[in-house]
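Chemist: Sequence:
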Amino acid sequence: MNDSSEHQDVEQPLVQHLIELRDRLLRCILIVLLVFAGLFYFANDIYTFVAAPLQKFLPEGAGMIATEVAAPFLTPFKLTLFVSIFVSMPFLIYQVWQFIAPAMYREERRLALPIFVSSVFLFYAGIAFAYYAVFPLVFGFFTSVAPEGVSVMTDMGSYLDFILKIFFAFGLAFEIPIATFILISAGVSTPESLGEKRPYIIVGCFVLGMLLTPPDVISQLLLALPMWLLFEVGIIMGKTLVKREANS
Numbered sequence: 001m002n003d004s005s006e007h008q009d010v011e012q013p014l015v016q017h018l019i020e021l022r023d024r025l026l027r028c029i030l031i032v033l034l035v036f037a038g039l040f041y042f043a044n045d046i047y048t049f050v051a052a053p054l055q056k057f058l059p060e061g062a063g064m065i066a067t068e069v070a071a072p073f074l075t076p077f078k079l080t081l082f083v084s085i086f087v088s089m090p091f092l093i094y095q096v097w098q099f100i101a102p103a104m105y106r107e108e109r110r111l112a113l114p115i116f117v118s119s120v121f122l123f124y125a126g127i128a129f130a131y132y133a134v135f136p137l138v139f140g141f142f143t144s145v146a147p148e149g150v151s152v153m154t155d156m157g158s159y160l161d162f163i164l165k166i167f168f169a170f171g172l173a174f175e176i177p178i179a180t181f182i183l184i185s186a187g188v189s190t191p192e193s194l195g196e197k198r199p200y201i202i203v204g205c206f207v208l209g210m211l212l213t214p215p216d217v218i219s220q221l222l223l224a225l226p227m228w229l230l231f232e233v234g235i236i237m238g239k240t241l242v243k244r245e246a247n248s
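Note that the numbering used here numbers the sequence shown so that position 116 is 116, with each residue one more than the last.
For the record, the hints were derived by calculation from the structure and aren't laboratory data.
Using N, Cα and C, we set each Cβ at its ideal position, and we do this for glycine too.
Among these hints, one or two may not hold up.
Heads up, simulated DSS-like pairs for lysine-lysine below, C-alpha to C-alpha not over 25 Å straight-line [unchecked claim]:
#: 1; residue 1: Lys197; residue 2: Lys165
#: 2; residue 1: Lys56; residue 2: Lys165
#: 3; residue 1: Lys56; residue 2: Lys78
#: 4; residue 1: Lys239; residue 2: Lys197
#: 5; residue 1: Lys78; residue 2: Lys165
Computed Cβ-Cβ distance ranges for the label pairs, DEER-style [stated by the list, open to error]:
#: 6; residue 1: Ala70; residue 2: Leu30; range: 52 to 62 Å
#: 7; residue 1: Pro13; residue 2: Val96; range: 11 to 21 Å
#: 8; residue 1: Glu60; residue 2: Leu137; range: 46 to 56 Å
#: 9; residue 1: Phe40; residue 2: Ile100; range: 27 to 37 Å
#: 10; residue 1: Ala66; residue 2: Leu25; range: 46 to 56 Å
#: 11; residue 1: Phe42; residue 2: Ser189; range: 39 to 49 Å
#: 12; residue 1: Leu34; residue 2: Ala70; range: 21 to 31 Å
When you get a sec, could you build the whole thing from the sequences and use the hints?
Modeler: Next up, the structure:
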């Protein structure tokens, strides 16, 4: 009898956590679907906005093409779904925070919430940087080097795959200060030791820039250089944390 009672006491918290996890996942899916339902009417407008950086560099009279029968519908549909996830990101992060916060110590909660908020902001900043700074340079270069007699008309599905890859690469790269700060705050590394590894970090940034972007020098440089600078920002943030802890 006692064994059965103890067994239920052990299992009950796990069941409660699983139920809470299920509820929060359902909320996340629901909010994404609601945002998607609100944006779907503007799916073609959203695609037009995202395609604008390339469209303005296309020759006069040229435009995008659809090489698959369902592409005119499925491509804006897919883009709108991704946009819905991006727009819902603050709510999704909040649900993650509400799930893990009770298991944290007060000091951990004090650091975790700013880290979550900064992560969302930096991810959006990376996407904005890609759209407003990288795309004009990359597309201007690509369209200018087309051989004579070649009409530049990009498939809309291929274009979407291309820009989503770029968005993800820059959104992820802009999280470097957060990753650096976490390593320092967790005691895994120190600002000094990370500074000593700077030459390897710079080489790693350029290798990642080569792997995460299309095979052209411009986009690789535009990803590698911000990654290096953001790494330096993370070290500065870590030094500030270390000084504050030493004074407290």
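Chemist: Are lysine 239 and lysine 197 close enough, with their CA atoms no more than 25 Å apart?
Modeler: The given pair, whose Cα atoms are some 16 Å apart, holds under the 25 Å limit.
Chemist: Under the criterion that the straight-line Cα-Cα distance not exceed 25 Å, is the pair lysine 56, lysine 165 satisfied?
Modeler: 21 Å, holds
Chemist: Alanine 66 and leucine 25, beta-carbon distance inside 46 to 56 Å?
Modeler: This hint is violated: roughly 35 Å between Cβ atoms.
Chemist: Do the alpha carbons of lysine 78 and lysine 165 lie within 25 Å of each other, as the hint requires?
Modeler: Roughly 14 Å separates the two Cα atoms, so the pair holds.
Chemist: Quick check on a hinted range of 21 to 31 Å for leucine 34 and alanine 70, using CB atoms only.
Modeler: Given a distance of about 25 Å, which is inside 21 to 31 Å, the answer is holds.
Chemist: Given the range 11 to 21 Å, decide if the beta-carbon distance of proline 13 to valine 96 lies inside it.
Modeler: For valine 96 against proline 13, whose Cβ atoms are near 19 Å apart, the range 11 to 21 Å holds.
Chemist: Starting from the hint 39 to 49 Å, judge whether the C-beta atoms of phenylalanine 42 and serine 189 obey it.
Modeler: 45 Å, holds
Chemist: Alanine 70 and leucine 30, beta-carbon distance inside 52 to 62 Å?
Modeler: 27 Å Cβ-Cβ, so the 52 to 62 Å window is violated.
Chemist: Please verify whether lysine 56 and lysine 78 have alpha carbons no more than 25 Å apart.
Modeler: Status holds; Cα separation ~23 Å.
Chemist: State, for the Cβ atoms of glutamate 60 and leucine 137, whether the hinted interval 46 to 56 Å holds or is violated.
Modeler: 21 Å, violated
Chemist: Tell me if the straight-line CA distance from lysine 197 to lysine 165 falls inside 25 Å.
Modeler: This hinted pair is violated, its Cα atoms lying about 28 Å apart.
Chemist: With 27 to 37 Å as the target window, see if phenylalanine 40 and isoleucine 100 comply at their CB atoms.
Modeler: 32 Å, holds
Taken one by one, the earlier hints fail for this structure at numbers 1, 6, 8, 10, listed in ascending order.
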